[in-house]
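Trainee: Here the structure of chain A is known, so what remains is to put chains B and C in place on it, guided by the hints.
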Amino acid sequence: MQKNRLSSVLSTFVVCYVFWLLLTWNFSAQELVMGAVVCLCVAWFASRMFIHEDPTWLFKPQKLLALLAYIPLFLRELWKANVDMAKRCFGGCRSINPGIIKVPVEAKGLYAQAMLANSITLTPGTITMDIVSENGKDYYYIHWIDVTTTDRVKAGEIIKGSLEKGVRRIWE
Amino acid sequence: MSDMLVFSIFFALLAVMNLYRLLKGPTAADRMVAGDSADVLICCAMVLYSVYSGRGIYLDIAIVSALLGIIDTMLVGRYLDNGRWLKK
Amino acid sequence: MILLRLLIGAIIVIGGIFALAGTIGILRMPDTYSRMQASTCISTMGAIGVLLGAALYAALILHAPGTTVKIVVIGLLILTVNPVGAHAIARGAYRNGVRPENGMKIDDLGRDFYE
Numbered sequence: 001m002q003k004n005r006l007s008s009v010l011s012t013f014v015v016c017y018v019f020w021l022l023l024t025w026n027f028s029a030q031e032l033v034m035g036a037v038v039c040l041c042v043a044w045f046a047s048r049m050f051i052h053e054d055p056t057w058l059f060k061p062q063k064l065l066a067l068l069a070y071i072p073l074f075l076r077e078l079w080k081a082n083v084d085m086a087k088r089c090f091g092g093c094r095s096i097n098p099g100i101i102k103v104p105v106e107a108k109g110l111y112a113q114a115m116l117a118n119s120i121t122l123t124p125g126t127i128t129m130d131i132v133s134e135n136g137k138d139y140y141y142i143h144w145i146d147v148t149t150t151d152r153v154k155a156g157e158i159i160k161g162s163l164e165k166g167v168r169r170i171w172e
Numbered sequence: 001m002s003d004m005l006v007f008s009i010f011f012a013l014l015a016v017m018n019l020y021r022l023l024k025g026p027t028a029a030d031r032m033v034a035g036d037s038a039d040v041l042i043c044c045a046m047v048l049y050s051v052y053s054g055r056g057i058y059l060d061i062a063i064v065s066a067l068l069g070i071i072d073t074m075l076v077g078r079y080l081d082n083g084r085w086l087k088k
Numbered sequence: 001m002i003l004l005r006l007l008i009g010a011i012i013v014i015g016g017i018f019a020l021a022g023t024i025g026i027l028r029m030p031d032t033y034s035r036m037q038a039s040t041c042i043s044t045m046g047a048i049g050v051l052l053g054a055a056l057y058a059a060l061i062l063h064a065p066g067t068t069v070k071i072v073v074i075g076l077l078i079l080t081v082n083p084v085g086a087h088a089i090a091r092g093a094y095r096n097g098v099r100p101e102n103g104m105k106i107d108d109l110g111r112d113f114y115e
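Residue numbers (the numbering used here), protein chains in the order written: chain A, 1 to 172; chain B, 1 to 88; chain C, 1 to 115.
Calculated directly from the structure, the hints in this document are not laboratory data. Treat the hints with care, since some could be wrong.
[As the list claims (entries may be wrong)] Result set (DSSO-like, lysine-lysine): computed pairs, CA atoms no more than 30 Å apart in a straight line:
#1 A:Lys165 with C:Lys105
#2 A:Lys102 with C:Lys105
#3 C:Lys105 with A:Lys80
#4 A:Lys154 with A:Lys87
#5 A:Lys108 with A:Lys63
#6 C:Lys105 with B:Lys24
#7 A:Lys87 with C:Lys105
#8 A:Lys137 with A:Lys87
#9 B:Lys24 with A:Lys108
#10 C:Lys105 with A:Lys137
#11 A:Lys108 with A:Lys154
#12 A:Lys137 with A:Lys102
#13 A:Lys165 with A:Lys108
#14 A:Lys154 with C:Lys105
#15 A:Lys60 with A:Lys102
[To be verified] Facing chain B, a subset of chain C residues (Cβ under 7 Å, in silico):
#16 Ala19
#17 Val50
#18 Ala58
#19 Ile71
#20 Ala93
#21 Arg95
[As the list claims (entries may be wrong)] Stretch by stretch, here's where chain B covers chain C in the computed footprint (C-beta under 8 Å, at least three residues):
#22 37-45
#23 104-111
Backbone N, C-alpha and C define an ideal beta-carbon position, used for all residues, glycine too.
Chain A extracted, bound-state conformation:
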């Protein structure tokens, strides 16, 4: 437990310090030392809220590569959904067909589920409203602007098909 605490403080410290360097963009000695002290204090208090699972995943190169490979896939989905949503916005209230649908999810773990839910919310046209887990399986309740099918598995394939593959490649 002690080793786990130490490594989670260290990884929080690295994230905070990278953020500090990006924000100040000033490499004189006093800025670097002051940033290190402040980041260490913040990491000491915030690490138990920030890290819930394996704290060293960011330092494994294949996970980092999978994260980088996720970005263009996500941007492509984002572009398609945005063009569709913009057409609906200019088209007015006849072009929407909303509904809330319950979709089964295969991704395991807190980080993977949070990342998948945020990706779904970020693509226009779908908002994750709630997450429940019933006898070992997890379900999302998703508000969908254009309900083309009421079959839950097919709807899940349409909404999160390629995103879920990318997320599972990162976290498993």
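Mentor: Showing chains B and C alone in chain A's frame:
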């Protein structure tokens, strides 16, 4: 050189258009959504104005504005859901 | 130089078109959740287009790396942190009893938690 200024004014006008929904919206969630998107638009306008005028202080204000906008959206969201289900 | 400016202007104009679409959606959509969906359009593609254009302008015309990095950080902040607010407010509105007037085609959340 002044094209950035034109874009910045355009985004500020979009944020003003959002204020209509903020004033009229029938429920609290409508008002909060409009306020949140006005916040993002003002953040974008501030970045463009900073690039136009070459002063870095507007970027810091844009960062603070983006962060505080999220915090108050989450605050109102948590307040609305009340921890329990309300019948209509 | 002039081509570079045209390219940056085109990127910002694309972002502006998406932001305009989101604003019109917020003003015109008939119910609360659809307005939420329209507002997502502003905070993704509108913000990405504008911030990408501004970052290119700062990097290639102003030659200011600190400004560029700060703009990229603002973009990352908006992208990572905005869906959390949208999720909280959608759930809060549903639990508070907001329903669309025109009805929904399928409502699993109401089915599972009310009856």
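Trainee: Can you confirm whether the C-alpha distance between Lys137 of chain A and Lys87 of chain A stays at or below 30 Å?
Mentor: violated, 36 Å
Trainee: Just to be careful: measuring from the Cβ of Ala58 of chain C to every Cβ in chain B, is the smallest value less than 7 Å?
Mentor: Holds, about 6 Å.
Trainee: If you draw a straight line from the CA of Lys105 of chain C to the CA of Lys24 of chain B, is it 30 Å or shorter?
Mentor: holds, 27 Å
Trainee: Holds or violated: Lys24 of chain B with Lys108 of chain A, Cα cutoff 30 Å?
Mentor: violated, 42 Å
Trainee: What's the verdict on Lys87 of chain A and Lys105 of chain C, does the C-alpha distance respect the 30 Å limit or exceed it?
Mentor: holds, 21 Å
Trainee: Given the hint that Lys137 of chain A pairs with Lys102 of chain A, does the C-alpha gap stay at or below 30 Å?
Mentor: Between Lys137 of chain A and Lys102 of chain A the Cα gap is close to 12 Å, so the pair holds against 30 Å.
Trainee: Starting from Lys165 of chain A, check that the Cα of Lys108 of chain A is at most 30 Å away, please.
Mentor: At roughly 12 Å apart (the allowed maximum being 30 Å), Lys108 of chain A and Lys165 of chain A satisfy the hint.
Trainee: Does Val50 of chain C meet its interface restraint, that is, does its C-beta lie within less than 7 Å of any C-beta in chain B?
Mentor: Since chain B brings a Cβ to about 4 Å from Val50 of chain C, closer than 7 Å, the hint holds.
Trainee: Is the coverage entry for the stretch 104-111 of chain C by chain B consistent with the three-residue Cβ rule at 8 Å?
Mentor: violated (count 0)
Trainee: Regarding the pair Lys102 of chain A and Lys105 of chain C, is the alpha-carbon distance no greater than 30 Å?
Mentor: The given pair, whose Cα atoms are some 13 Å apart, holds under the 30 Å limit.
Trainee: Hint Ala93 of chain C vs chain B: min CB-CB distance below 7 Å?
Mentor: With a minimum Cβ separation of about 4 Å from chain B (threshold 7 Å), the hint on Ala93 of chain C holds.
Trainee: Taken at face value, is the distance from the CA of Lys154 of chain A to the CA of Lys108 of chain A at most 30 Å?
Mentor: The hint holds at about 20 Å.
In this structure, the earlier hints numbered 8, 9, 15, 23 are contradicted, and the remaining ones agree with it.
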